[in-house]
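Sequential numbering from 1 applies to the sequence shown in my numbering.
Worth flagging that the hints you see were computed from the coordinates, not collected in a lab. Ideal placement from N, C-alpha and C gives every residue a C-beta, glycine not left out. Keep in mind that the hints are not guaranteed to be accurate.
Claimed, not checked - Cβ pair distances, simulated, as ranges:
| id | residue 1 | residue 2 | range |
| --- | --- | --- | --- |
| 1 | T52 | K12 | 31 to 39 Å |
| 2 | T54 | G15 | 30 to 38 Å |
| 3 | H10 | T53 | 28 to 36 Å |
| 4 | T52 | H10 | 29 to 37 Å |
| 5 | T54 | K14 | 33 to 41 Å |
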Amino acid sequence: MDLHVQFIHHAKEKGLHATAKIIRAGSRLSTTRMEVRTDEGVLVVVGSGTFTTT
Numbered sequence: 001m002d003l004h005v006q007f008i009h010h011a012k013e014k015g016l017h018a019t020a021k022i023i024r025a026g027s028r029l030s031t032t033r034m035e036v037r038t039d040e041g042v043l044v045v046v047g048s049g050t051f052t053t054t
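Build the full structure now, drawing on both the sequences and the hints.
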């Protein structure tokens with residue numbers, strides 16, 4: 001239903017690691033957050049989304 005992505009830094013490295021967390025899992029909607037970091041721990045992308053729960 002809604003997705004926001006912010007590209008914070010360009011990634012020169014080949015190794016990227018994404019983590020995601022469910023902030024709220026309701027009966028109709030769920031909210032999530034995610035981030036992507038390089039092998040060195042540099043934050044590259046953050047995002048959040050609201051999705052229909054089925």
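*Looking back at the hints listed earlier, which ones does the structure fail to meet?*
Checked against the structure, no hint fails, so every one of them is satisfied.
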